[in-house]
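Starting from the given sequences, assemble the full structure and let the hints guide the process.
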Amino acid sequence: MLVHRWKEPLGLGDSRIRIVVSSPEEALTWLIHEPDQSTAKWKRAWNACRAVIEGRMKAEDAKPAVKQAAAH
Numbered sequence: 001m002l003v004h005r006w007k008e009p010l011g012l013g014d015s016r017i018r019i020v021v022s023s024p025e026e027a028l029t030w031l032i033h034e035p036d037q038s039t040a041k042w043k044r045a046w047n048a049c050r051a052v053i054e055g056r057m058k059a060e061d062a063k064p065a066v067k068q069a070a071a072h
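Heads up: the sequence shown at position 29 corresponds to 29 in full-length UniProt numbering, and the numbers run straight through without jumps.
No lab work stands behind these hints, which were simulated from the structure alone. Where hints are given, some of them may not hold.
[Claimed, not checked] Computed list of lysine to any residue pairs in SDA-like fashion (alpha-carbon distance at most 25 Å, straight line):
1. LYS67 - GLU25
2. LYS43 - THR29
3. LYS67 - GLU8
[Said to hold, decoys possible] DEER-style ranges, computed between Cβ atoms:
4. GLY55 - SER15: 36 to 44 Å
5. ARG50 - LYS7: 14 to 22 Å
6. PRO9 - ILE32: 16 to 24 Å
7. PRO64 - GLN37: 13 to 21 Å
8. GLY55 - ARG16: 33 to 41 Å
9. ASN47 - GLY13: 18 to 26 Å
10. SER38 - LYS7: 28 to 36 Å
11. ASN47 - VAL20: 19 to 27 Å
Built from N, CA and C at the ideal position, the CB exists for glycine as well.
Take a look at the structure:
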């Protein structure tokens, strides 16, 4: 699988755990384990990461959607 790296990794988490995600592919793995998969921001992040993998979007353009999905 071709990995689309972000220029700067995205740090996700809270005071208990910190996860560093450096590509849309890694973000998909993180999104799979998120409990609120029915929310609009989760779906937006999922679709953005899939668009990068399918070549319809630049990797950096998906990063804000993932960042928003991580904000609780």
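Okay, the hints, checked on the actual structure:
1. LYS67 - GLU25: holds, 14 Å
2. LYS43 - THR29: With Cα atoms ~14 Å apart, LYS43 and THR29 stay inside 25 Å; holds.
3. LYS67 - GLU8: holds, 12 Å
4. GLY55 - SER15: 36 to 44 Å: For GLY55 and SER15 the Cβ distance comes to about 38 Å; the hint holds.
5. ARG50 - LYS7: 14 to 22 Å: holds, 21 Å
6. PRO9 - ILE32: 16 to 24 Å: Given range 16 to 24 Å: holds, Cβ gap about 19 Å.
7. PRO64 - GLN37: 13 to 21 Å: holds, 19 Å
8. GLY55 - ARG16: 33 to 41 Å: This hint holds: roughly 36 Å between Cβ atoms.
9. ASN47 - GLY13: 18 to 26 Å: holds, 23 Å
10. SER38 - LYS7: 28 to 36 Å: holds, 31 Å
11. ASN47 - VAL20: 19 to 27 Å: With Cβ atoms ~22 Å apart, the hint holds.
In summary, the structure agrees with every hint in the numbered list given earlier.
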